[in-house]
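In order, the protein sequence lines correspond to chains A and B. Going by our numbering, the first sequence opens with residue 1, and the numbers climb by one from there. Going by our numbering, the second sequence opens with residue 1001, and the numbers climb by one from there.
Rather than coming from a laboratory, the hints here were simulated on the basis of the structure. Treat each hint with caution, since some may be false.
[Unchecked claim] Quick look at which bits of chain A chain B covers, simulated, 3 or more residues with Cβ under 8 angstroms:
#1 374-384
#2 425-433
[Said to hold, decoys possible] Stretches of chain B that chain A covers, calculated by requiring three or more beta carbons in the stretch to come under 8 angstroms of a beta carbon on chain A:
#3 1050-1064
#4 1162-1171
#5 1182-1195
#6 1198-1206
#7 1244-1253
#8 1388-1399
[Unchecked claim] Sample of chain B residues at the chain A side, in silico, Cβ under 8 angstroms:
#9 A1103
#10 Y1121
#11 E1122
#12 L1283
#13 N1284
#14 T1286
#15 F1287
#16 S1352
#17 S1355
#18 I1360
#19 D1362
#20 P1429
#21 T1432
#22 F1434
#23 P1437
#24 V1462
Nothing here was measured: the structure is a model prediction, and the numbers come from that model. For glycine and all other residues, C-beta sits at the position ideal for the given N, C-alpha and C.
So you can see what is in the structure, the chains are spelled out below.
There are 2 protein chains.
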Amino acid sequence: MPSPIASSVRRSLRRLVGGAARRATRARRDLSLETFGLSRDDSGALVLRGDQLASVVRAHGSPLFVVDSAALDERIAAFAQVPRGCAKGVECFYSYKTNPVPAVLERIHARGAGAEVISEYELWLARQLGLGGERIVSNGPARSDEAIRMAIDIGALVQVNHCEEISRIAKIARSLGKKARVGMRVATEAGWGGQFGEPIASERAFAAYRTMLLRSELDIVAIHTHLGVGIHDAGAVDRLARDVIGFAARLRRELGVTIAIADFGGSLAAPTVARHDAVALRLNRTFSADLHAANPSRTLTIEAYVEALVRGVEACCREHDIPRPRIFVEPGRALTSSTQMLLCSVTSLKASGASAIHAILDAGINIAEPVRNEWHQIFVDGPARDEVEYRLVGPICTPMDTLAWSMRLPRLAPGDLLAIMDAGAYFVPFSTSFSFPQPAIVMVEDGSARLVRRRETFEDMVRRDTFTRKP
Amino acid sequence: MPSPIASSVRRSLRRLVGGAARRATRARRDLSLETFGLSRDDSGALVLRGDQLASVVRAHGSPLFVVDSAALDERIAAFAQVPRGCAKGVECFYSYKTNPVPAVLERIHARGAGAEVISEYELWLARQLGLGGERIVSNGPARSDEAIRMAIDIGALVQVNHCEEISRIAKIARSLGKKARVGMRVATEAGWGGQFGEPIASERAFAAYRTMLLRSELDIVAIHTHLGVGIHDAGAVDRLARDVIGFAARLRRELGVTIAIADFGGSLAAPTVARHDAVALRLNRTFSADLHAANPSRTLTIEAYVEALVRGVEACCREHDIPRPRIFVEPGRALTSSTQMLLCSVTSLKASGASAIHAILDAGINIAEPVRNEWHQIFVDGPARDEVEYRLVGPICTPMDTLAWSMRLPRLAPGDLLAIMDAGAYFVPFSTSFSFPQPAIVMVEDGSARLVRRRETFEDMVRRDTFTRKP
């Protein structure tokens, strides 16, 4: 129960300090339309590669995910580039969990990248999309026996997550009469630990390889790591390469194991998204201070990342005099985040209840969960207008459903269309059917929008249910 | 990037202080099996009303939601009780969004409670389940025009969320040639504001009623509020009754409006769940201090809540000399939270990486999101064993997928079955299909488990997709 005195003190403080804090922190710099392949026509309508977004929404409904296939192609191609002066680059396995939309995955595969999967479902999906085992990497701490069986059976690369998995995987391989192609996930000092991988530092990673060597059902071909922490600079890539290749050299020296594949996982940051820091969020909530936009120039480009990784690995291999392994990467957000947007509409405006007007949207944490914790560029469709402060809330009837506590946007009216950028990472997999059906997904290609996932129907939402009055 | 010195200092501190902190805070008191209608047989196997939970899981797979129909019936009946000496009690409209499982909703409706819906989908579902307009309350800040049209058309009670909705609702009523039965959602000082309701204090609520009076398409019959803050004691109920009935008296006095229905929303706390406080969470994460179990004796029973509400309203009506309105309530968690559990399994154990062993479960934030922020009783199937400290993590391959940083549980082995209690509020609606299919739901009734929602299949997960190699 909030005390009325405390609330009143807080309100007064806010009045006193708020204006100054707001002025001091009006430092937001919007990202440009061009960053995302967008433009405006003479009426101010948002246009993606020739298509008016408003007309795409009229055809397919709001809210709506829109995939920009040209941007997707560019980013896939960037991962495929071979750094100047190098013989080979990296091999790319897209992290399915980031944005598991079959049409997107198909396009990624058609342009050469494979699949990184963490579950039986994802492995099944990769098979449905026509991939053979050599184009699939199986990861994760919680695979079912069936997921591991299927992976071994088709010859996928199975990255062992932790020591306790070794005998289980060996047993499954034996029951199939096949050898499992395996690597061990190792944790470096700078990266994620916890449920993921065996630490190099504690000798457990080394012990794991020694244990694997004793199992004739296992064919040790790889090493796997994943930084976890978002990669923004070449230094982090270089350190990762050193840690992993140094360890691979020790495996060769002490165990006679040659690592044919060094898999560096994902973690390359998406350039146009920034995780909010806690202080900025608090200032935004209390004093309406602007949140900070992402600064793309501070993030490694895909090309620079690939170059740093390949050069780092090759230098390290020369140093330790070991053969250069194939280099695998498993990008998620770096590949798809910026190539998909979420279009949504203002359902209603509500002036009371807070200093800012509430803009009630048809998209909230049900389909745009990441917006709570990350800065995403938002564009408003239509002619330029003066800016007004809004609180952006979603439809699901809880105060938790707040996408932004305070955001200045061109003056809104009910029905206005908003484009939330960088909706290609963790929007779709974290989507729920909380009171509202999940949106359709269209792919814009060659100047037309093709429906690739239809909107969820009410019937879909109860399709798995048994009840007396079945519709 | 964590500094190695800081980490080492933190580790030492943890060693020094951790033991003492742990001992000082080993204050957890488990809730009993009987609280949830459970027992154990001689082998230690968990039994729900005659059914071994392990055999239910063998038949229907893990993870699995299990509805205890007897407990559900008891709680519905509790809401229907008329307090001693009163002529009438409350009328109950279940909050669909809390646990939108058709078989559960059907059972609730068959025992007399109606539906509280916040979207077109939920309204459609209530109609599918055979409810007429008089048994439906339509709420929420983000209803589509179609949701409002349908509600008016069938004669549901339409609670207006904010002033700006009035003309929209009136317009839709006019287009149908019908009068809309409406109330206004008001915000009391102690309750939620923000996107919900017009505040009584600022006169906006009063102004809203004045505006509604001018619209001949609107038939003002109700007032609506929702505390939002969890109700644990009769004092909060009494204050709410006073605020709302006092305002209703003013409407009658100054506008001649008679409120026939006072709708007090939900917010009654579930007795066996407790929201973690931030300090306790931090102590748990850093020093493995036990988190505090819910204390059911500190929460109002349903009967006491109904009695406090009815007596509060009736006393206030006498005081203001206005007729006693019908009293509506819209329980969510108080009705279903404790009547449903989530059964899940240990996929694997991982000893490295933290002081506690990681127990990797087949259920994480993908289907048990509330466990991150709330204390839920967890029972382990099987014979009694010594207790060990675990970190409980889910399957979705992110450190965010941690259900408990430190929890002492009987020593686990892969395949062990866990029963997470109070899975009947916000588990199902917040469920995602993140890399893993959503579980089945069974209802235990008369000693047998009936499948009421089948497990999601891989085909279901891509049913809405269009791609070249459609399965």
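Each hint tested on the structure:
1. Only when three residues or more bring their CB closer than 8 angstroms to a CB of chain B does the claim for the segment 374-384 of chain A stand; here the count is 0, and the claim is violated.
2. Closer than 8 angstroms: that is the beta-carbon criterion, and the segment 425-433 of chain A has 5 residues meeting it against chain B, so the requirement of 3 holds.
3. Residues of the segment 1050-1064 of chain B lying with their CB closer than 8 angstroms to a CB of chain A number 0, which falls below the three-residue condition for coverage.
4. For the segment 1162-1171 of chain B, the stated coverage by chain A is satisfied: 5 residues place a CB nearer than 8 angstroms to a CB of that chain, which reaches the threshold of 3.
5. Only residues whose C-beta sits within less than 8 angstroms of a C-beta in chain A count toward coverage, and the segment 1182-1195 of chain B has 7 of them, enough to reach three; the restraint holds.
6. Closer than 8 angstroms: that is the beta-carbon criterion, and the segment 1198-1206 of chain B has 4 residues meeting it against chain A, so the requirement of 3 holds.
7. Only residues whose beta carbon comes within less than 8 angstroms of a beta carbon in chain A count, and the segment 1244-1253 of chain B has 0; fewer than three means the coverage is violated.
8. A count of 7 residues in the segment 1388-1399 of chain B with a Cβ less than 8 angstroms from any Cβ of chain A is obtained; the coverage claim is therefore met, three being the minimum.
9. Restraint check, A1103(B) versus chain A: the minimum CB separation of about 5 angstroms is within 8 angstroms; hint holds.
10. Interface restraint check: Y1121(B) against chain A, minimum CB-CB distance 5 angstroms, threshold 8 angstroms, status holds.
11. Annotation: interface hint on E1122(B) holds; nearest CB of chain A at approximately 6 angstroms, less than 8 angstroms.
12. At a threshold of 8 angstroms, the smallest CB-CB gap from L1283(B) to chain A is about 19 angstroms, leaving the interface hint violated.
13. At about 15 angstroms, the closest approach between the beta carbon of N1284(B) and any beta carbon in chain A exceeds 8 angstroms, and the interface hint on this residue is violated.
14. A cut of 8 angstroms between beta carbons decides the hint on T1286(B): the least distance to chain A is about 15 angstroms, and the hint is violated.
15. At about 17 angstroms, the closest approach between the beta carbon of F1287(B) and any beta carbon in chain A exceeds 8 angstroms, and the interface hint on this residue is violated.
16. The beta carbon of S1352(B) is positioned within 8 angstroms of a beta carbon in chain A (closest approach about 5 angstroms), and the interface hint is therefore held.
17. Taking 8 angstroms as the C-beta cut-off, the interface hint given for S1355(B) is violated, the closest approach to chain A being about 11 angstroms.
18. This hint holds: I1360(B) has a C-beta 5 angstroms from the nearest C-beta of chain A, less than the 8 angstroms allowed.
19. Hint status for D1362(B) relative to chain A: holds, with the closest Cβ pair at about 7 angstroms, below 8 angstroms.
20. The closest approach between the C-beta of P1429(B) and any C-beta of chain A is roughly 5 angstroms, which is under the 8 angstroms cut-off, so the hint is satisfied.
21. Among the interface hints, the one on T1432(B) holds; its C-beta lies about 6 angstroms from the nearest C-beta in chain A, closer than the 8 angstroms criterion.
22. At its closest, the beta carbon of F1434(B) sits 5 angstroms from a beta carbon of chain A; the interface hint therefore holds under the 8 angstroms criterion.
23. Below 8 angstroms, beta-carbon pairs count as interface contacts, and P1437(B) has one with chain A at about 6 angstroms; its hint therefore holds.
24. The interface hint given for V1462(B) holds, since its Cβ lies 6 angstroms from the closest Cβ of chain A, which is under the 8 angstroms cut-off.
Of the numbered hints stated above, those contradicted by the structure are hints 1, 3, 7, 12, 13, 14, 15 and 17, listed in ascending order.
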